[in-house]
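Novice: Protein chains in written order, with the working numbering: chain A, 130 to 383; chain B, 185 to 501.
Simulated from the structure, these hints should not be mistaken for laboratory data.
Please note: incorrect hints may appear among the correct ones.
[To be verified] A few chain B residues that face chain A, going by a derived Cβ cut-off under 10 Å, partial list only: (1) Leu242; (2) Val349; (3) Leu356; (4) Gln358; (5) Ala365; (6) Ile486.
[Stated by the list, open to error] Per label pair, the in silico range of CB-to-CB distance: (7) B:Ala365 <-> A:Gly343: 52 to 60 Å; (8) B:Pro294 <-> A:Ala184: 34 to 42 Å; (9) A:Val139 <-> B:Asp478: 51 to 59 Å; (10) B:Gly319 <-> A:Leu190: 19 to 27 Å; (11) B:Asp478 <-> A:Gln186: 24 to 32 Å; (12) B:Ala365 <-> A:His272: 38 to 46 Å; (13) A:Gly183 <-> B:Thr489: 18 to 26 Å; (14) A:Leu190 <-> B:Ala365: 43 to 51 Å; (15) A:Leu190 <-> B:Gly366: 23 to 31 Å; (16) B:Gly355 <-> A:Gly252: 41 to 49 Å; (17) B:Val374 <-> A:Ser276: 35 to 43 Å; (18) A:Ser303 <-> B:Gly484: 23 to 31 Å; (19) B:Glu470 <-> A:Val139: 55 to 63 Å.
Using N, Cα and C, we set each Cβ at its ideal position, and we do this for glycine too.
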Amino acid sequence: MKAVRSLWIVPSIAVAVAFVLLWKYAVDARMVSPVFLPSPERTWAALQHGFAAGALQLKFLHTLERMFYGWICASIFGIAIGALIGSSSTIRSYLQPSLELLRPLPASAVIPIAIAFFGLSDGMVLATICFGALWPMLLATIHGFSSVEPRLYELSEALGMKRTAVVFKIVLPSALPDILAGMRLGMTVSLILTVVGEMLASRDGLGQWILLAGRSFRSPDLFAGLVLLAALGLSSSLLLIGLERWLLRWRTVH
Amino acid sequence: MTIQTVFARCALAAATLLIATATPARSADTLKVVVISQSDALALYVAADQHMFDKRGLSVEITPVANQSVVVSSLVSEAADIGFAVPPVIIQAKDNGIDLQIVCGATEFPLPKPAYAGILARTGSEIRSANDLIGKKVGVIGLNSFHHIMARRWLAENHVDPGKVEFVEVGLPQMQDLMKAGQIDAGVTVDPFYNRMIDQGVGYSFGDYLQTVPNGIPVDFYVAPKSWLANHQEIAVKFRDAIAEAIGHIKANEADARASLAKWTKLPAAVVASARIPNLSAGVDEGTLNWWVDLVKSQGLISGTVKAQDFTFRAQR
Chain A
130 MKAVRSLWIV PSIAVAVAFV LLWKYAVDAR MVSPVFLPSP ERTWAALQHG
180 FAAGALQLKF LHTLERMFYG WICASIFGIA IGALIGSSST IRSYLQPSLE
230 LLRPLPASAV IPIAIAFFGL SDGMVLATIC FGALWPMLLA TIHGFSSVEP
280 RLYELSEALG MKRTAVVFKI VLPSALPDIL AGMRLGMTVS LILTVVGEML
330 ASRDGLGQWI LLAGRSFRSP DLFAGLVLLA ALGLSSSLLL IGLERWLLRW
380 RTVH
Chain B
185 MTIQTVFARC ALAAATLLIA TATPARSADT LKVVVISQSD ALALYVAADQ
235 HMFDKRGLSV EITPVANQSV VVSSLVSEAA DIGFAVPPVI IQAKDNGIDL
285 QIVCGATEFP LPKPAYAGIL ARTGSEIRSA NDLIGKKVGV IGLNSFHHIM
335 ARRWLAENHV DPGKVEFVEV GLPQMQDLMK AGQIDAGVTV DPFYNRMIDQ
385 GVGYSFGDYL QTVPNGIPVD FYVAPKSWLA NHQEIAVKFR DAIAEAIGHI
435 KANEADARAS LAKWTKLPAA VVASARIPNL SAGVDEGTLN WWVDLVKSQG
485 LISGTVKAQD FTFRAQR
């Protein structure tokens, strides 16, 4: 069964290869000027050159670091606030309307406020990532907490469990699938906001690399940056899927 | 209804549709010029307002754009014919396969006095020299922009490694607030923000990074794609002649110049009244272009073998 599931990777690789071939065809047929759309070969050459010169590794690591710390920060706040709201109807009535007011705000629109508080620094970028990425985790945690099987609450009452024990032994494990799904969405938002923050706050990373490459008309370097961002997004997503499978291995598969 | 009536009605409908949707043909001497709205393009504005293009049979459409990247993109995509550009932009464009040539100059050094640009240090920062900027945060309008390149040149001239100074991108209107809040230690700024920040005590000038540029070095010019110039030499020459005539007119009629500046840049009257008339020049010397190529290369912004001759447009008369 596992072998059959593994075979499904072949069509997905084939689709990716087809996209690259389509890209190459578009460039060779001059459908878009090569000044703006470099060929896959030039993009690959730019990647190799960037890594050989040592520039791209450092920028990649800086972006990865900001994305990860921002995501962790967002996860902690999102899950904590979501747990508070999900476990108490009183707190929900106090907090939820204000949170609904803040949620639709685009994170990039609050960057000027973040600059006022944190300056043009990594702190500003992390604060922006935290603000933008916590919402998927928060909403997923609230949903997870409110979807716990009522009989489990009855069981906890019957066993005389304390409230904290109920949260950590029943509610959190039950809400974990939703929380992990929210964390995966939050990871995508973290990556986007990391790049935006780096562009706006002049922080060294792939965001600034892409911005300056675009300004200097170095389209192969620009696309090399985009390829690295795509690889970062894909690998972080796959890691989270693996983590999710391991953490939820206790769930019976029907 | 007879078949003839049907055909007649169809023909009328088709003709109406054709007339309604037909875009007017672009006449051979129509020029689309993209420009960043600023006083350096004064000759262009005056040439338009004083009908110097009209009398040469040119119909010029001037479109202001936000930045240099948009100028180059417009030229490459043929949305515009001539664009207003600074030397580092066309040098980097050439290094990456975009062939732009200079139709004529716009302005050159020396810049008019008193200074309208400089590096301001935050009041209370104790910064007195280029050396004091090491490890500090300096705001600049755009990384790898004209002003950033010139600021780095000034640091190198003063024996400071530009890599040891942290440059951050800050919009000119925000620079004052960020400096006041201590978020940046210094700022590379231009008027009207430069003098306003000094007057309000937010910062003080300690570095005129444009003072040591040799006379005659071009600041900006009008450029066009090489391929376009090859097919429109006569139009390019007429444009150049009109700009040269406008420069002569400005020197003799400052009032006309300020009126055009107010009209095209939408600056307040008080600002226009005190604005410095730039050092306008339609000619460009290859030697001065070499100065720019060497500077841009020394800062690691180009990798290829760009030469000053690559940008020279010579009409085949």
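Novice: Hints numbered earlier in the text: which of these fail when held up against the supplied structure?
Specialist: As far as the earlier hints go, 1, 2, 3, 7, 14, 16, 17, 18 are violated by this structure, in ascending order.
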